[in-house]
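S.K.: Listed below are the residues making up each chain.
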Amino acid sequence: DAGVIQSPRHEVTEMGQEVTLRCKPISGHDYLFWYRQTMMRGLELLIYFNNNVPIDDSGMPEDRFSAKMPNASFSTLKIQPSEPRDSAVYFCASRLSSEQFFGPGTRLTVL
Amino acid sequence: KQEVTQIPAALSVPEGENLVLNCSFTDSAIYNLQWFRQDPGKGLTSLLLIQSSQREQTSGRLNASLDKSSGRSTLYIAASQPGDSATYLCAGLMDTGRRALTFGSGTRLQVQP
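The listed protein sequences derive, respectively, from chains G and Z. FYI, in my numbering the residues of the first sequence are 1409 to 1519. FYI, in my numbering the residues of the second sequence are -9 to 103.
Because the hints were derived from the structure by calculation, they are not lab data. Keep in mind it's a predicted model, so treat the numbers as computed, not measured. Careful, some of the hints might be misleading.
Calculated from the model, a selection of chain Z residues having no Cβ within reach of chain G, i.e. all distances over 10 Å [what the hints assert, rightly or not]:
hint : residue
1    : Asp17
2    : Ser36
3    : Glu46
Restricting the straight-line Cα-Cα distance to at most 25 Å, the calculated cross-link-like pairs of lysine-lysine (PhoX-like) are [unchecked claim]:
hint : chain 1 : residue 1 : chain 2 : residue 2
4    : G       : Lys1432   : G       : Lys1476
5    : G       : Lys1432   : G       : Lys1486
6    : Z       : Lys58     : G       : Lys1432
7    : Z       : Lys32     : G       : Lys1486
8    : G       : Lys1476   : G       : Lys1486
9    : Z       : Lys(-9)   : Z       : Lys58
Just so you know, even glycine gets a beta-carbon here, dropped at the ideal spot from N, CA and C.
Sequences are here, hints too, so could you generate the full structure?
M.R.: This is the structure:
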C-alpha cells in the first residue's frame, strides 16, 4: 500500500487566494482526519470524517476553511480566502480500527 | 479537556545510551495511546500503539508502557543510535467516542555519534 497520499507537498500563495489541499487515504480505512501543525500550537485536529461523513469539525478555525469527502478515496481541504496566519503544515491521516497513519503533509506558505 | 504533556522538550545523548521519553495526560479515560516519530520536514511515522487494556508494547529496540491510573506513558529506547534522532510525539485517544488524537508537543531527540 502506498500509504496516505497528499498533494501538493508544498504550496506558496498570496494572501486572498484560494488554496485546495488534497488527500487520498489508505484503501479500506473508514476514518479520515485533517490536522494542522504549527510551531506555536503543535498538532491540532481540524476535522474528521467517518465513512465520508463529517463527524467533528470543531477544530476548523473559521468559515474560510471547508472540507469535503465526496468518496472513500478522496478528500479536500479548502481555504478561501487564505491569510498569512494559515501558514502551517497540513496533515491528512486515516485509520481502520485504532491506529492512525499520516500522510507526508502539505507545507502551506501564505505571503 | 484532555491535555498531553511531554518532558523533556529536548534531549541529547551519546550513542549507545538507553533513554526514556515521558508522556503524561490529564484525563485517565484514555482509549489508547500512540507514539510517533517525526523527522524534520516529514510526516509522522507510527511507532507503537498501546490499548488501554495493555500495559506495554514492544517493537525492536522500542518499548512503550501505559499506566492509566497515573496518567503516564513512557517510551524506552535501548542502545540509541544516531538514526534515532528525531522528534517523538505521543498522542492519546479519549474513551469518549471522539476519534481524534490529542497530541503532546513532542521531545526532540539528538543522538550524538
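S.K.: Each of the hints needs a verdict: does it hold here or not?
M.R.: Do the hints match the structure? See the list:
no.	hint	result
1	Asp17	holds (16 Å)
2	Ser36	violated (6 Å)
3	Glu46	holds (16 Å)
4	Lys1432/G <-> Lys1476/G	holds (12 Å)
5	Lys1432/G <-> Lys1486/G	holds (15 Å)
6	Lys58/Z <-> Lys1432/G	violated (34 Å)
7	Lys32/Z <-> Lys1486/G	holds (22 Å)
8	Lys1476/G <-> Lys1486/G	holds (9 Å)
9	Lys(-9)/Z <-> Lys58/Z	holds (16 Å)
Hint compliance for this structure: hints 2 and 6 are not met, and every other hint is.
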